[in-house]
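Trainee: The chain contents come next:
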Amino acid sequence: MTRRQIAALLRIAVGPLAVAGFFLPWAHGPGVLAANQFTGFTLVGFAGRLQQLDLSLTVGGGLWTARLAILGVVIAGSWQTLLAPMHSWHPGYPASGWYLVVFSVLAAAIGVAKSGLTLPPLGLASVFASAAFFLIASRVTPRAAGAAQD
Amino acid sequence: MAQRRYGIVITISLAVIAAAIGGVILLSSGKASDVDLTTAGLAPADPALYVAFNTDLSSSQWVAAFKLIERLGQENPQQLLKDTVADGGVDWEKDVAPFLGGNAAIYLRGFSISDLNVQGAAIVKCKDAKRALTVVQQQSGLDFTEQKYGGVTYFDGGGMFLARIGDHLVLAMDEESMREVIDVSSGKKPSLAGVGDFKSLRDELTTNFLAFVYMDASAFADGIFGGDRALKDALEASGAGDLALKPGAAVLGAKGEGFEFQAAAVGKAGDVSPMLAPRTSRFAPMVPADASIFFTTTKLAQTWKAVKGNSKSQLDTFFRDEGRYRNLDEALRAAGQEVGLKNIEELINLFTGEMAVAAWFPSLDESDAQVAVLAEVTDAADARRVMESVVASSATSKPRSETVNGVQMTFVRNDSGDELGYAFTDNYLVIGTAKAARSVVAKDFGPNLAGAAKYRATVKEMPTALGTFAYFDVANLLRLTTGGVPVDLDDAERVLQGAIVNFVEERGVARISAVITIAEK
Chain A
108 MTRRQIAALL RIAVGPLAVA GFFLPWAHGP GVLAANQFTG FTLVGFAGRL
158 QQLDLSLTVG GGLWTARLAI LGVVIAGSWQ TLLAPMHSWH PGYPASGWYL
208 VVFSVLAAAI GVAKSGLTLP PLGLASVFAS AAFFLIASRV TPRAAGAAQD
Chain B
2 MAQRRYGIVI TISLAVIAAA IGGVILLSSG KASDVDLTTA GLAPADPALY
52 VAFNTDLSSS QWVAAFKLIE RLGQENPQQL LKDTVADGGV DWEKDVAPFL
102 GGNAAIYLRG FSISDLNVQG AAIVKCKDAK RALTVVQQQS GLDFTEQKYG
152 GVTYFDGGGM FLARIGDHLV LAMDEESMRE VIDVSSGKKP SLAGVGDFKS
202 LRDELTTNFL AFVYMDASAF ADGIFGGDRA LKDALEASGA GDLALKPGAA
252 VLGAKGEGFE FQAAAVGKAG DVSPMLAPRT SRFAPMVPAD ASIFFTTTKL
302 AQTWKAVKGN SKSQLDTFFR DEGRYRNLDE ALRAAGQEVG LKNIEELINL
352 FTGEMAVAAW FPSLDESDAQ VAVLAEVTDA ADARRVMESV VASSATSKPR
402 SETVNGVQMT FVRNDSGDEL GYAFTDNYLV IGTAKAARSV VAKDFGPNLA
452 GAAKYRATVK EMPTALGTFA YFDVANLLRL TTGGVPVDLD DAERVLQGAI
502 VNFVEERGVA RISAVITIAE K
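Just so you know, the sequences run in chain order A and B. One point on numbering: in our numbering, the residue at position 47 of the first sequence is 154, and numbering is uninterrupted. One point on numbering: in our numbering, the residue at position 337 of the second sequence is 338, and numbering is uninterrupted.
Next comes chain A alone, as it looks inside the complex (with noise of 0.2 Å):
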């Protein structure tokens, strides 16, 4: 297998390694929540009760800023998906891979702030997965992260 069938194979997973990490376990709760495992989807849906509370503007809107940007990580999963066999010239191909690798670096280093170096939950582990292999398919390939260059 040639470096570039194996770029050719990490590209086509990275879309379906964020989908599929998305509904897999991120992190457990804290405090009292401590026996609650969540995965993106139900810290969407946690998020959104929490934003019943009596919360400040400035909590609220970081609470919807968050659920938005783990909502971006599905979006963008199912953004590669589409567009990786065939359209990755679209410049929503490396936007969505860019975005899917901020995404990564920034949970990363919360979960670093927070926990300390520890494997991460298997649903996080997938985004960080499809995030590296974002990185590594544009790298041998570059023309699939720059469509602008298209």
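Errors might be hidden in some of the hints.
Said to hold, decoys possible - Among chain B residues calculated to face chain A with C-beta under 7 Å, some are:
no.	residue
1	Ile-13
2	Leu-15
3	Ala-19
4	Gly-23
5	Ile-26
6	Ser-30
7	Leu-58
8	Lys-68
9	Gln-79
10	Leu-81
11	Leu-82
12	Glu-94
13	Ala-98
14	Leu-211
15	Val-214
To be verified - Distance condition first, Cα-Cα at most 30 Å in a straight line; then the derived DSS-like pairs of lysine-lysine:
no.	chain 1	residue 1	chain 2	residue 2
16	A	Lys-221	B	Lys-461
17	A	Lys-221	B	Lys-32
18	B	Lys-32	B	Lys-461
Unchecked claim - Residues from chain A shown here face chain B by an in silico Cβ test under 8 Å; the list is partial:
no.	residue
19	Val-181
20	His-197
21	Val-247
No wet-lab data here; the hints were simulated from the structure. Bear in mind the structure is a predicted one, so any value in this text is a computation, not a measurement. For each residue, glycine too, the CB sits at the ideal point set by N, CA and C.
Position chain B relative to chain A; hints supplied.
Mentor: Structure of chain B alone, referenced to chain A:
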């Protein structure tokens, strides 16, 4: 050029996909999920009492409950919960979190007050049942010996029996109950989850709650009265047996702006059914917005007729046994004569439609209560005759007439020196304290109750339609009982708003529902 056009199509498709996925996930993930009562699958089919709790602290119910508790003045209740547990030397993450798998229940069976005997068990759906078992064993301080029954290992601590059945931890106070749960788990005995009455009551009540209670009143009566049939027979003979002795269930929950309660019974409402029909009150818009108490019911006359028709002999016996009257009819006549009528049924028979009582306190002083009774009447002439007799029986002055808002009103002073007023208009009767009755007729009180924000917010939170109900303006009533607006109202009193207790029959099921609303600080 072709790729450019193709690119636009793809861009639009991506935008549509993003909107669809985002919309579906935002809607479905935020939706309140039902509490899956897995513990009912391990409880035997015939408990006297089964009480289950939602143990998912991230559920919409708990999030709402924590919010309402905060409004009541408790800052960060989640942290308080954790700290309270920690104060007892228990680590939340290691020793409590393993128990929180979604629901936990206690059931009681073989209940007897006479020999202080209770059979039953606690069943907990665990996040980590193995760890939960260890925690109980360690915290109990008992020495457990291993036993086996029906292929399940259980632990005998001498008065406490523990077992892990799948994701569930079972804790029984007697060995028989433990073996029963094991039999249920293996399918040898039927479970509560398969009982028709239990399933229908669960479906009738909201499936998203903090606590759920199922009670077989018949089994309770057996336990309390030692199987004596006397009470059961009396209840059945009175016609109340269907409601009182059939299984019932209740849920307690938190949502939006308040705590809610709802109860339902398998039995039919029977004779009182006409009073429990879902309806919109005609009189709520006819009393002032600051009414602190508002009670409404309907078809009292029809209900009385049905009750009397079906239970006359029991009521005759009751009055005969009381010793004052020979039978019901004599008691009704005597009651009527006390208010200037031949028979009190003359008064009862007036109330064929809605009847409401409203009370308000313009100066927030209990002694300045304004009370009005409003009732739909079909025969105004007969109603006038009855009311004139009733009022004349206690009047100490000659009635005087006055026209208010085009309606002729009658005012009279009673033997306590208070002035009463009444009038008939638009097929309804209004009677009450002179000020209140005049105000209702004159419609000069400004905003009405049906349009009041507090009343509307309370009605909005009701889990059922309204039937016969009482509304309380809790905030106002609290101020009354303390004799004016207290400076040091604590947080809880400051945020309590309205409350409704309601009786209604919906889809053939008699229900009690209640709600208390809590305002933002």
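Trainee: Next, verify each hint and record whether it holds.
Mentor: How the hints compare with the structure:
1. Checking B/Ile-13 against chain A by beta carbon gives a least distance of about 11 Å; that is not within 7 Å, so the hint is violated.
2. Interface hint status for B/Leu-15: upheld, as the beta-carbon distance to the closest one in chain A is roughly 5 Å, under 7 Å.
3. Taking 7 Å as the C-beta cut-off, the interface hint given for B/Ala-19 holds, the closest approach to chain A being about 5 Å.
4. Interface restraint check: B/Gly-23 against chain A, minimum CB-CB distance 5 Å, threshold 7 Å, status holds.
5. At its closest, the beta carbon of B/Ile-26 sits 6 Å from a beta carbon of chain A; the interface hint therefore holds under the 7 Å criterion.
6. The closest approach between the C-beta of B/Ser-30 and any C-beta of chain A is roughly 3 Å, which is under the 7 Å cut-off, so the hint is satisfied.
7. Hint status for B/Leu-58: holds, given a least beta-carbon distance of 5 Å to chain A, under 7 Å.
8. Of the supplied interface hints, the one on B/Lys-68 holds, with its beta-carbon coming within about 5 Å of a beta-carbon of chain A, less than 7 Å.
9. With a least beta-carbon distance of about 5 Å to chain A, the hint placing B/Gln-79 at the interface is held under the 7 Å criterion.
10. Taking 7 Å as the C-beta cut-off, the interface hint given for B/Leu-81 is violated, the closest approach to chain A being about 10 Å.
11. Hint status for B/Leu-82: holds, given a least beta-carbon distance of 5 Å to chain A, under 7 Å.
12. Satisfaction of the interface hint for B/Glu-94 is found here, the shortest Cβ-Cβ separation to chain A being roughly 4 Å, below the 7 Å cut-off.
13. At about 4 Å, the closest approach between the beta carbon of B/Ala-98 and any beta carbon in chain A falls short of 7 Å, and the interface hint on this residue holds.
14. Taken as an interface hint, B/Leu-211 does not check out: its beta carbon lies about 14 Å from the nearest beta carbon of chain A, beyond 7 Å.
15. The interface hint given for B/Val-214 is violated, since its Cβ lies 24 Å from the closest Cβ of chain A, which is over the 7 Å cut-off.
16. At roughly 42 Å between alpha-carbon atoms, A/Lys-221 and B/Lys-461 are farther apart than 30 Å, so this suggested pair is violated.
17. Under the criterion of a C-alpha separation no larger than 30 Å, the hint pairing A/Lys-221 with B/Lys-32 is consistent with the structure, at around 29 Å.
18. Restraint check for B/Lys-32 and B/Lys-461: the C-alpha separation of about 19 Å stays at or below 30 Å, so the hint holds.
19. Given hint, A/Val-181 at the interface with chain B, holds; its Cβ is 6 Å from that chain's nearest Cβ, closer than 8 Å.
20. At a threshold of 8 Å, the smallest CB-CB gap from A/His-197 to chain B is about 5 Å, leaving the interface hint in force.
21. For A/Val-247, the shortest C-beta to C-beta distance to chain B is roughly 23 Å, which exceeds 8 Å, and the interface hint is violated.
Hints 1, 10, 14, 15, 16 and 21 from the list above are not met by this structure, while the remaining hints are.
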